[in-house]
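Trainee: The chain contents come next:
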Amino acid sequence: MILKFRIFRYDPEKDDAPYYQSFEIEADPKDRILDCLNRIRAEKDPTLSFRMSCGHGVCGSDGMRINGTSSLACQKLAKDFKESEEVLIEPLQVFRVIKDLVVDMDPFFERYYSVKPYLITRTPPPDTERLQSVEEHRKFEDAIRCILCACCTASCPVNQDKATAGYIGPAALVRAFRYLFDSRDEGREERIALLDNKDGAWGCQTRWMCTKVCPKEIPVTKEIFEIKKRILESKKGKK
Amino acid sequence: MNFKHDIVIVGAGLAGLRAAVECVEEADVAVVSKVLPTRSHSGAAQGGITASIGNEEEDHWEWHMFDTVKGSDYLADQDAVEIMVKDAPRVIYELEHMGVPFSRNKDGKIAQRNFGGHTSEYGKKPVKRACYASDRTGRVVLDTLYDQCLRHRVKFYQEHYVLSLVFEDKKCAGLITYDLSSGELNLIEARAVLLATGGCGRIFKTTSNGFASTGDGLNLAHRAGIPLMDMEFVQFHPTGLYPLGILVSEAARGEGGILRNSLGERFMERYAPTVKDLAARDVVSRAILTEVREGRSFEGGYVHLDLTHLGEKKIIERLWEITSFVRIYLGIDPVYEPIPVYPTCHYLMGGIPTDTDGRVLQDESDAIAQGLYAAGECACVSVHGANRLGCNSLLDTLVFGRRCGMAMKADISKIEHQPVSDEPLEKAKEMLAGLLYHKGYEKIDVVRRNMQSLMMDYCSVFRDEEGLKKELESIRSLKMRFNDVEIVDKGKNFNYELMEAIELGHQLDLAEVILLSALYRKESRGAHFREDFPVRDDTNFLKHTLVFKGQEVRYKPVVITRFQPEARVY
Chain Y
1 MILKFRIFRY DPEKDDAPYY QSFEIEADPK DRILDCLNRI RAEKDPTLSF
51 RMSCGHGVCG SDGMRINGTS SLACQKLAKD FKESEEVLIE PLQVFRVIKD
101 LVVDMDPFFE RYYSVKPYLI TRTPPPDTER LQSVEEHRKF EDAIRCILCA
151 CCTASCPVNQ DKATAGYIGP AALVRAFRYL FDSRDEGREE RIALLDNKDG
201 AWGCQTRWMC TKVCPKEIPV TKEIFEIKKR ILESKKGKK
Chain E
240 MNFKHDIVIV GAGLAGLRAA VECVEEADVA VVSKVLPTRS HSGAAQGGIT
290 ASIGNEEEDH WEWHMFDTVK GSDYLADQDA VEIMVKDAPR VIYELEHMGV
340 PFSRNKDGKI AQRNFGGHTS EYGKKPVKRA CYASDRTGRV VLDTLYDQCL
390 RHRVKFYQEH YVLSLVFEDK KCAGLITYDL SSGELNLIEA RAVLLATGGC
440 GRIFKTTSNG FASTGDGLNL AHRAGIPLMD MEFVQFHPTG LYPLGILVSE
490 AARGEGGILR NSLGERFMER YAPTVKDLAA RDVVSRAILT EVREGRSFEG
540 GYVHLDLTHL GEKKIIERLW EITSFVRIYL GIDPVYEPIP VYPTCHYLMG
590 GIPTDTDGRV LQDESDAIAQ GLYAAGECAC VSVHGANRLG CNSLLDTLVF
640 GRRCGMAMKA DISKIEHQPV SDEPLEKAKE MLAGLLYHKG YEKIDVVRRN
690 MQSLMMDYCS VFRDEEGLKK ELESIRSLKM RFNDVEIVDK GKNFNYELME
740 AIELGHQLDL AEVILLSALY RKESRGAHFR EDFPVRDDTN FLKHTLVFKG
790 QEVRYKPVVI TRFQPEARVY
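The listed protein sequences correspond, in order, to chains Y and E.
So the first sequence is numbered by the numbering used here: it starts at 1 and just counts up by one.
So the second sequence is numbered by the numbering used here: it starts at 240 and just counts up by one.
Excised from the complex, chain E in its bound form (with noise of 0.2 Å):
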């Protein structure tokens, strides 16, 4: 079938939502989506949202900016992180008129709670700057987005599974689905074509990523010719449930909650003497880590978060899903016992680079790809450098989202609807012929479970040359295995086996561009750790890295406007 619509928009998560929110009155807007709506990760998201709105205590959006930069090791763009700061405070307020029920302060306002790297004065002390919603924030944020979608009449193609982008003439003319319920493939044309499919922390053994996170949109851009950039900077939450790597929400710590090693001491004390267990996520890691590796863990490498000082008012009040998590899983409760938890994948801090309204970028002349946008997890404007603090998240999804909408509804009027040949539809459908009817032998859970190991053992909180470079050599192989994959089901109902073949060879791609990124930088920043050069190195590394397709490893300059770097220490 064919489909034409003035925007598509590739996922249903926060930013997807949000820029259909902007465009639905004045376009005709459509979003695909491979799972149905609410069920995409954003929901997962638990602690909060960030804005100096100052509900608690005096706060300003230059301590917000300076926080950001700092905690992104100075990668950041620093023009991007302003924009996003200054709008927060709106994007809260917006919020709290579409309904989202965020959680009160005794004065009835948005309450707000202390996350981790957010400080007031410039690093002096924690503030409390994450409005939240108990730890559902996310989830409840997803819901109103979507009713405001319904109530709007958004078109949605759900279970539909995007195979391809079209590009006719050096444009982004619109994409090539795959609707599960039926296995035909659909045209959809589009005047812009949004990208907003999230992060691909599956591609490790241990996240707090959902099924869905295999950062199709990441590579479906990087197949069309656009550059990925930074993608050596994965970040590690610092308390995934052990073993299942459940993400236990950094408002646990933002509430009072301690970490402790085998010996009982609170070890942040000696990584981060200002805020301790407040101090960045990528410290906090390396820490537990750390601690895990000079014997001080528990049997099986964790240490403990302990809520039980706390009491079970204010454990059932603000963090009722974790420890509902906890009780499920381990059988433990938390206000009784402390939690098992280590580091767990959690986020991409890199990814497809656009401006700041979310326009994508296809080289270090920020030449733009004409009709193709991206925003959230999947982009990377930067407002995250080398490591995201807590709450930033949803915060970029919301403030460039919209703005990726304005964008979009303004670019629209100049862009006509291209011409689409059957070649790319014909591809496609060669693609799936070639994955269905090739006969192989090696099995899609066997090569991903290996990509998931390897990248788990060498490419995850602490990394080196030797070890990277043998991974790489790994993963290649694994691709060619990959090239004789076996896919028993050729039905065309529901046939998840069929989309997992596509996800994983997605998840290799990027397996490549990462270790590739990372093993490029001879320096560690951020979340991007190499024991062989453990120092920052602004003179050679204060820069984005880009992998373009064919392996090609380029770099560009980093926007720095008020903060000029120094040593990061919290």
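For reference, chain Y alone in the conformation it holds in the complex (with noise of 0.2 Å):
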């Protein structure tokens, strides 16, 4: 099949605004629109800049926007596109772009550090392993299939309007709750005090966005709400 391509262009060592550029070419239905991607700098433009790595949706590299939602390219067919006049592919929103594709991650690590993304624990560890029962394990394991892509928080409304950027986003609320739902963390008291805020879990407006765009299918939104309800219950223990 024929599949033809619109693409963001942004190089500010020469360009003075960024553009958009067309390229045709042919491809495999079951190609992979990340397969394309490297055949069009293959065949047309060596001077595309994208990130990739494992390519099959395990190492969150090549996050991007696909006809205006945030995807994965590893994960999206040609065929998937065959109805499209043409694929529209622009770089992930919210986070400032580099070049072409490849955005600035930086400022979302650092919020991603911010949620104290580790076990916090006390008591000290036993000999062999802390016990952990398989319903407890279940409470997050949908979390732990999150592989920092960034999707999620690139398709949010709230981390889009510039009044309400400095929301924390939903990736990181979805590592703060892998902790918080985490039977071995003995941390909450001040994972709470971090997510107790207009900013933190609070930002929140239930937009659903993130839920629908994670390609790892994690239910973020819901997640964001489980730790709204424990923030509650947290004060209302407290009274």
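To be clear, the hints were calculated from the coordinates, so they are not data collected in a lab.
Covered stretches of chain Y (in silico footprint by chain E; criterion: 3 or more residues with CB under 8 Å from a CB of chain E, positions within the stretch not fixed): (1) 6-17; (2) 28-42; (3) 93-107; (4) 144-151.
Keeping only pairs whose Cα atoms sit at most 27 Å apart, straight-line, the calculated DSSO-like set for lysine-lysine is: (5) 729/E with 14/Y; (6) 788/E with 718/E; (7) 348/E with 116/Y; (8) 30/Y with 444/E; (9) 682/E with 14/Y; (10) 44/Y with 731/E; (11) 44/Y with 82/Y; (12) 367/E with 139/Y; (13) 139/Y with 552/E; (14) 325/E with 364/E; (15) 139/Y with 348/E; (16) 788/E with 761/E; (17) 236/Y with 222/Y; (18) 14/Y with 731/E; (19) 222/Y with 552/E; (20) 139/Y with 116/Y; (21) 235/Y with 198/Y.
Now the in silico label distances, taken between C-beta atoms and shown as ranges: (22) 217/Y with 719/E: 48 to 54 Å; (23) 696/E with 212/Y: 41 to 47 Å; (24) 344/E with 229/Y: 26 to 32 Å; (25) 296/E with 217/Y: 32 to 38 Å; (26) 205/Y with 570/E: 31 to 37 Å; (27) 229/Y with 333/E: 29 to 35 Å; (28) 296/E with 96/Y: 49 to 55 Å; (29) 16/Y with 670/E: 29 to 35 Å; (30) 222/Y with 333/E: 31 to 37 Å; (31) 122/Y with 670/E: 51 to 57 Å.
No residue lacks a Cβ here, since even glycine has one placed at the ideal position from N, Cα and C.
Using the hints, put the two chains back together into the complex; each one sits in its own frame.
Mentor: Structure (structure tokens):
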């Protein structure tokens, strides 16, 4: 099949402003969009820049907007777009564009780190493993599928709005959920203190975009709701 | 720019990060990675980590050791294997204490499952030895170690690509990096440099490896005069998703999945009567391709991996990721339909020779290359010999990554920073200018695809002298063509074309080393199968291959302690 692409281009080294460039390539219906982008680089324009690593939806490198939706280019196939007149490829929103589809991920990882993404414990560990029941594990199992691709944060209307851009975003909250609901963690109070503010869990306006775009099918919005619930429960407990 | 650290680690996968965590409290540590952290290929590991903790059934490190040695076709150094398997339970508990979300059994302990080649009582029956987190074990361990690095303020030079190692007075004194975001060159001086750069599966056409697995670290060491060991041993994983080559974890068979040919036969019963589908990977890959050759495969050359009898609950709970891959890429639901699979290049058993503390060895007398260390897939300790068992690779990265960290911590008190001349930086500048401004006409992609097809056709699961010789000539002529490669992008901002050209140079060099090693080993052992020498030859080849710069091939003996070589039957 012939597939037409319209791709966002911007190299601050030589371009005054971003522009869109069109390409047409021959693609197998089962080709990944990532394969198509690589073919464009190989056959048409080697200066096109985008990140990639594993190529099958595990590393989280190739998040970008495909026909307006934040997705992983390695998870979308050419045949998914056979009805499209052209496939529009743009960088993730929210983040600063460095070149073409490469965006600055530093602020993303800084916010990620701000939720203390590690197990907090006070009780010394036993000689072997800490016990955790299958049910306790299941509580946060969806959340550990997160690959930090940033598709959710980039699609979140709250993060996109300049007035509320301080919101730490759904990806950081998923990781916060993962530790808050891990039965081995003993940092509940400090975690709740970090999350109980307008740029924390309360920044979420339940707009569902994160859940809609998540390439790993994590119920993001629901998990943020669970965090809010836990914050309220802990306040109630204190009274 | 010039930077200076006590310890510089190249590679942010499991081996590199585990080493960083080990020494960060006592030394100034930096990690250099050509991709962003958490994008390293360790994250693609699915199935688990082996340890004889016996949570499901009786197990002992001696059994684990025997299986690993037998799996290696007796080429692994048994002193190193013993260190690894004895340390395995500690590794698992340490990860659990750090927060790794292992799947649990009904007692609330870490769950364990079967994996190929892992048995109880020295080969009698399969044993549940692999500790796992669904089928995303590598990713969750990588995330956990990255979080530990952040917590301990490890310095990251992310999206920095290493161009060369710097040696002064025969000691490794640092490295030169190319900053992808600015195009600037940096000299990073160090008292100890650890190469933890992973494998080189991208030399082959069909591979489970990520785009970054181009073997840079292996060849940086080789160019600096370090021999590469046992490079003929390249593992083909039996179950790559057809036709993409994406890994379908051995956990699928560990959980009860069955391989079937086009006649519906469970053909592994013929090749491995005792453990059947849970034989070692080299055995299963050869079996699949034998079925293909004898006409019992599906059109295009694949077989079926059948999970349909396992039931949706078990498949979703334990094999979520691969179920998702199969649905996305093939539009098939493995709950109801078998998965088309064929062998895919997966792992390099060979690599940079090291002692059991990760110190790089520069010849067959085991002389140490001062200041240089290696761990993980790019290193060859050797614990995997001629064929690695599933779930032993994560174990290798964690055991030897840590030991390497401890060795570097201890050694740097005796190593001073070497004064570094301007020469390495000038040479790197010349190299870049040569690539960028040379008037070329060859395309990177064309040369690379040529190399990948050649390696697949002549140097994958089945090999012979005629094919290897022919391919060696072809690769050498590709190297000539590479000299005329054209780089269109002259920019300094995320110039991936330039990086890929440098990677291709490494890949071609490594292809030649692999071919030479394979050509000279006139026997069949583990993953190296020579159709013209189909039998293992312990009299002449129970030894490690070393390929030196200038393509000189030499050998060194294998360390045998507990288990004498015997016939390898599963």
